[in-house]
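If you read the sequences in order, they're chains A and B.
For the first sequence, the numbering used here gives the first residue as 1, with consecutive numbering after it.
For the second sequence, the numbering used here gives the first residue as 586, with consecutive numbering after it.
No lab work stands behind these hints: they were computed from the structure.
Please note that a few of the clues may not be correct.
Each computed DSS-like pair below joins lysine-lysine, with the alpha-carbon atoms no more than 25 Å apart [as the list claims (entries may be wrong)]:
1. B/933 <-> A/101
2. A/546 <-> A/287
3. A/64 <-> B/904
4. A/287 <-> A/17
5. B/842 <-> B/717
6. B/933 <-> A/64
7. A/17 <-> A/240
8. A/383 <-> A/31
9. A/71 <-> B/904
10. A/500 <-> A/546
11. B/608 <-> B/771
12. B/904 <-> A/17
13. A/64 <-> A/31
14. A/240 <-> B/608
15. A/495 <-> A/518
16. A/101 <-> A/287
17. A/259 <-> A/31
18. A/71 <-> A/101
Pairwise CB distance ranges (calculated) [said to hold, decoys possible]:
19. B/830 <-> A/455: 53 to 63 Å
20. B/670 <-> A/136: 43 to 53 Å
21. B/668 <-> A/136: 49 to 59 Å
22. B/825 <-> A/208: 57 to 67 Å
23. B/928 <-> A/578: 37 to 47 Å
With the C-beta cut set under 10 Å, the calculated list includes, among others, these residues of chain B facing chain A [unchecked claim]:
24. 612
25. 615
26. 640
27. 656
28. 657
29. 696
30. 740
31. 808
32. 855
33. 856
Note that the Cβ used here is the ideal one computed from N, Cα and C, for glycine as well.
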Amino acid sequence: MPGEKPLSNYLGLDIGKINTRAAFFGVSERKFRLQGYGIAPTSLGSGMHPASGAGRAVQVLQEKTGIVLVKPSEGIASTMDSMRQNIDQVGLVTSVGPRLKTSVFGLSAQGSLNVGRVLAESLPLCLSGLFGLADLGDESGVIDALITIQPDLLIIAGGEDGSAEAHIIRWVELARTLCLLLPAPSRPMVLYAGDSAYHEMVHRRLEPVCQVLIAPNLQSEYGEMDLVPAQAVLDPEILKRWWQQMPGLGDLATLPNSKAATVPFALGRIVRYLSQAKATHPATALKSGVLAVDLGGHSTMLLAGMDGRAGTVVQPCWEGFSISQDEALVSEVQKWTAQPVPLPAIQKYLSNYVVRPDVIPESLDDLAILQAWARVRMQQSLKRLAMNYNWLPYQPGQGLTAHFEPIIASGSVLTQAPTPGQAMLMLLDGLQPRNVTTIVLDTYHLLPQMGLVGEIAPILPVHVLESDAFTNLGTVIVAVSDVPAGETLLTANVKMETGKDYAVSIPQGTLRRLVVPKGVSVVLELEPRHHTDIGFGGPGLGGRLKVPSGVLGVVIDARGRPLRLPSDAETRAAQLTRWLWNLGG
Amino acid sequence: MDEKMMVDVLRRARDVEISRECKLSLPGEVLVKIGDVLNPEDVVAQAVIPSGLRSLNLARGLGVDPSEVTSFLVQDADACLEQGDILAQVEGAITRLVRMPFDGRLIACQDGKAQIATDNLVIQKQAGLMGKVEDIIPDYGVVISVRGDLVQGIWGNGRVNCGVLHASRDYSERLQDGTGLDEIEKGQVVVLPSCLNLELLERLEQKEVAGLILGSLSPGLIRHAQDASMPVLVLQGYGDLPADPDTFELLSLSNGKLCCLNAGSTDELTGQRPEVIIPNEVAQDEPAQDVRAQDVSAPDEPAQEVSAQEPTRIGFREKLRVGQKVQIHSGLYLGRTGTLVDLPSTPKTFESGISCLTAQVQLGDQETVTVPRQNLFMIA
Numbered sequence: 001m002p003g004e005k006p007l008s009n010y011l012g013l014d015i016g017k018i019n020t021r022a023a024f025f026g027v028s029e030r031k032f033r034l035q036g037y038g039i040a041p042t043s044l045g046s047g048m049h050p051a052s053g054a055g056r057a058v059q060v061l062q063e064k065t066g067i068v069l070v071k072p073s074e075g076i077a078s079t080m081d082s083m084r085q086n087i088d089q090v091g092l093v094t095s096v097g098p099r100l101k102t103s104v105f106g107l108s109a110q111g112s113l114n115v116g117r118v119l120a121e122s123l124p125l126c127l128s129g130l131f132g133l134a135d136l137g138d139e140s141g142v143i144d145a146l147i148t149i150q151p152d153l154l155i156i157a158g159g160e161d162g163s164a165e166a167h168i169i170r171w172v173e174l175a176r177t178l179c180l181l182l183p184a185p186s187r188p189m190v191l192y193a194g195d196s197a198y199h200e201m202v203h204r205r206l207e208p209v210c211q212v213l214i215a216p217n218l219q220s221e222y223g224e225m226d227l228v229p230a231q232a233v234l235d236p237e238i239l240k241r242w243w244q245q246m247p248g249l250g251d252l253a254t255l256p257n258s259k260a261a262t263v264p265f266a267l268g269r270i271v272r273y274l275s276q277a278k279a280t281h282p283a284t285a286l287k288s289g290v291l292a293v294d295l296g297g298h299s300t301m302l303l304a305g306m307d308g309r310a311g312t313v314v315q316p317c318w319e320g321f322s323i324s325q326d327e328a329l330v331s332e333v334q335k336w337t338a339q340p341v342p343l344p345a346i347q348k349y350l351s352n353y354v355v356r357p358d359v360i361p362e363s364l365d366d367l368a369i370l371q372a373w374a375r376v377r378m379q380q381s382l383k384r385l386a387m388n389y390n391w392l393p394y395q396p397g398q399g400l401t402a403h404f405e406p407i408i409a410s411g412s413v414l415t416q417a418p419t420p421g422q423a424m425l426m427l428l429d430g431l432q433p434r435n436v437t438t439i440v441l442d443t444y445h446l447l448p449q450m451g452l453v454g455e456i457a458p459i460l461p462v463h464v465l466e467s468d469a470f471t472n473l474g475t476v477i478v479a480v481s482d483v484p485a486g487e488t489l490l491t492a493n494v495k496m497e498t499g500k501d502y503a504v505s506i507p508q509g510t511l512r513r514l515v516v517p518k519g520v521s522v523v524l525e526l527e528p529r530h531h532t533d534i535g536f537g538g539p540g541l542g543g544r545l546k547v548p549s550g551v552l553g554v555v556i557d558a559r560g561r562p563l564r565l566p567s568d569a570e571t572r573a574a575q576l577t578r579w580l581w582n583l584g585g
Numbered sequence: 586m587d588e589k590m591m592v593d594v595l596r597r598a599r600d601v602e603i604s605r606e607c608k609l610s611l612p613g614e615v616l617v618k619i620g621d622v623l624n625p626e627d628v629v630a631q632a633v634i635p636s637g638l639r640s641l642n643l644a645r646g647l648g649v650d651p652s653e654v655t656s657f658l659v660q661d662a663d664a665c666l667e668q669g670d671i672l673a674q675v676e677g678a679i680t681r682l683v684r685m686p687f688d689g690r691l692i693a694c695q696d697g698k699a700q701i702a703t704d705n706l707v708i709q710k711q712a713g714l715m716g717k718v719e720d721i722i723p724d725y726g727v728v729i730s731v732r733g734d735l736v737q738g739i740w741g742n743g744r745v746n747c748g749v750l751h752a753s754r755d756y757s758e759r760l761q762d763g764t765g766l767d768e769i770e771k772g773q774v775v776v777l778p779s780c781l782n783l784e785l786l787e788r789l790e791q792k793e794v795a796g797l798i799l800g801s802l803s804p805g806l807i808r809h810a811q812d813a814s815m816p817v818l819v820l821q822g823y824g825d826l827p828a829d830p831d832t833f834e835l836l837s838l839s840n841g842k843l844c845c846l847n848a849g850s851t852d853e854l855t856g857q858r859p860e861v862i863i864p865n866e867v868a869q870d871e872p873a874q875d876v877r878a879q880d881v882s883a884p885d886e887p888a889q890e891v892s893a894q895e896p897t898r899i900g901f902r903e904k905l906r907v908g909q910k911v912q913i914h915s916g917l918y919l920g921r922t923g924t925l926v927d928l929p930s931t932p933k934t935f936e937s938g939i940s941c942l943t944a945q946v947q948l949g950d951q952e953t954v955t956v957p958r959q960n961l962f963m964i965a
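If we strip away everything but chain A, and leave its shape as in the complex, we get (with noise of 0.2 Å):
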């Protein structure tokens, strides 16, 4: 059994609706390593077995390895029995399945409602319904909308803990009278997460009639969300029912050695932990956070932990056609984009996009709209991850307000992007990150895999976040200042292992690439001026930066925060252009 022997081999499995991931973690040196990796396409319609699409990806895995986990022309039955047998642990990781259905029961639009609504945004859920205090005034009314929305899950939230308040009583018997008229196939679980008061009368009037969930109170104090223990519970709930519409799913969630999450909810541990490591860290003197993002084909999801607390918000990418017909958003699009695209090209591009997200862009084109699409992803997200967790020091229009290192990227548009530079500049231009940062691409899309193995043995993700798995795309140094545009704001003294020193002055607007030889860190005395913040604990302050090899190098980013385009299409494109080159293109 797993807990009896000490860990030494791990498959993980990551099952999105496009591609299904095989990624095969060994003990290497006593340390753990990626030892091998395999995609192929997810296999989905009614009938088909999800783990056969596993089982080619761990195919592909084992060709280009040579490692055997599994027989080359296994089925399913022996495929399942081989990993079973040859490995320690199986873990799944999955976004797969459809969201479900959500309504929130609470009491105040700032308070229960928001909690309720921040939690569904932090999982695969699809929120249809808010019901407030006002609401309580229409009980019938509710009852009409719910049987119209058929919820698979209502989450009560509400009242602090203690305070008795007796309209979350009102709330629970509404519940209990929808599933009374609702047939029982058709009843949606409740996850209670209100005053602990109710935990009892929740139990005793819900349970003969749906499926409850108890989760501590989200909101115990007004103003302090706590999250994770409802969403560590809703989690395996959402999972069962993905296997139940996919039931090839849950088989392979069944292994005997198998442990299983969602991309978000592993995703959202693995940035918790990091955070914490970070928070306790001594010689973090400044206050620092973790960031991650990972551009899916059908959804954006990014995570920020700072001090031991992390947020979470998944965000479709698009709800029916809404982001190719929304004129607002394709016009921003078309302010990231470095060509000059008119206005229904980007319309068109966008719409044939939704149908299929998986499309190669062929054109300059049809590349500059797709990673200014990934940019204004990244924007949207950030601003709501921001309204949902008010401990996100962000600002509408600059970005990040705070320090985030490291910033760990995933996503085709990212991963797969031509050129390095074209990466870090969508990156840049999305988040606008600020201080000193370490910019990850996470190619494998291994981080979930991370937040999920974590649990059983915390050293693997130690091991392997600081291995090549993971791509150092450079360090980044964020020069903000007031100076006008080309005025020196900071000189870089870069001091080579080899002896070859150099300077570089930095005048403020402009995007610097310092390149780092591959193999060798540099030290660099970095000398701000004019009350430039770099980070280095207030305005005009700097100091020495041992920086790695990364494969941009150093990235110093003085174009200010928030960034700035001209406003002609054609000179904003030849700027977006030249900050590229800028990069190395």
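Starting from the structure of chain A, add chain B where the hints point.
Below, chain B without anything else, positioned relative to chain A:
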């Protein structure tokens, strides 16, 4: 094995056996039986949900504490009651009782109040398709089978309807410039190579056509098409795209026949796509190919096993093979169909800078183009 050779499939075929699930979203009663012949408007299943909830304060009526009310109820939960029926009663020197002030069904009683449903919400599922009931899905619906032509598209506005197909090509050209509108009759399903202006869409809606099948749709009209009262099906893509001659030929051959247009959304889990089904008018004797959205695995390949050979199908994706018809979904050739003539083994770098495996597609005009394999739909 090259996994990138698996692409999404659009079914466009003549004279095939088609099976479709038709079911309620919640359990109810199935109203038909195996073997029944259905018309599109036939209701195959229905569910009845009590609604119109009203609250009766029994505690006040009985003059008792709310916590005691349940012990004075004389009706069971779920009982259907008529106006005047006694709901609760307190015996004593002076008997107190509460009668039903209206017809309804007792749902629950809590805190001294009775919840009464005064109405029913009837949710019905129509067949939406001509065909025969092949199987019953207990409590939910049926599987309907029909033989005919099948044309799947890339997008639908979520609506379903049936009507007589109006698919003459020269007519389409006249309709496009507005001169052919008079020929349109209410209840027809109109086939057009494209719809690029709002006026045309609005005039067709005013004509109360039963549905619209488009080669392409202007991106600016998506919202209008979404809100249209009739089903709208897009076959090729968004923009001003040249019509696919083969598909329009297939539809033209069925001009004047009854067709069933299901412009529902694509569902990766079930393999369902928006589609038009044109049932055969006369039953054919020869065996037909079996096409099921619910079970798209090849008949000779068990869906539950990875076979020893390379599998040819993954759900609603299939493996590309030279000689097959494909539809391009990117770049200059967006929406164009052609025949796959080669799958080069070395990647190509496109203008975007992205390097990937490609497919060579011979278009109808004999021009051969190179596109990323991933950007194809297979036409099967």
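Hints, one by one, checked against the model:
no. : hint                        : result
1   : B/933 <-> A/101             : violated (43 Å)
2   : A/546 <-> A/287             : holds (19 Å)
3   : A/64 <-> B/904              : holds (21 Å)
4   : A/287 <-> A/17              : violated (37 Å)
5   : B/842 <-> B/717             : holds (18 Å)
6   : B/933 <-> A/64              : holds (22 Å)
7   : A/17 <-> A/240              : holds (17 Å)
8   : A/383 <-> A/31              : violated (39 Å)
9   : A/71 <-> B/904              : holds (22 Å)
10  : A/500 <-> A/546             : holds (16 Å)
11  : B/608 <-> B/771             : violated (28 Å)
12  : B/904 <-> A/17              : holds (18 Å)
13  : A/64 <-> A/31               : holds (21 Å)
14  : A/240 <-> B/608             : holds (22 Å)
15  : A/495 <-> A/518             : holds (15 Å)
16  : A/101 <-> A/287             : violated (37 Å)
17  : A/259 <-> A/31              : holds (22 Å)
18  : A/71 <-> A/101              : violated (40 Å)
19  : B/830 <-> A/455: 53 to 63 Å : holds (58 Å)
20  : B/670 <-> A/136: 43 to 53 Å : violated (29 Å)
21  : B/668 <-> A/136: 49 to 59 Å : violated (28 Å)
22  : B/825 <-> A/208: 57 to 67 Å : holds (60 Å)
23  : B/928 <-> A/578: 37 to 47 Å : holds (39 Å)
24  : 612                         : holds (5 Å)
25  : 615                         : violated (14 Å)
26  : 640                         : holds (7 Å)
27  : 656                         : violated (17 Å)
28  : 657                         : violated (19 Å)
29  : 696                         : holds (7 Å)
30  : 740                         : holds (6 Å)
31  : 808                         : holds (5 Å)
32  : 855                         : holds (5 Å)
33  : 856                         : holds (4 Å)
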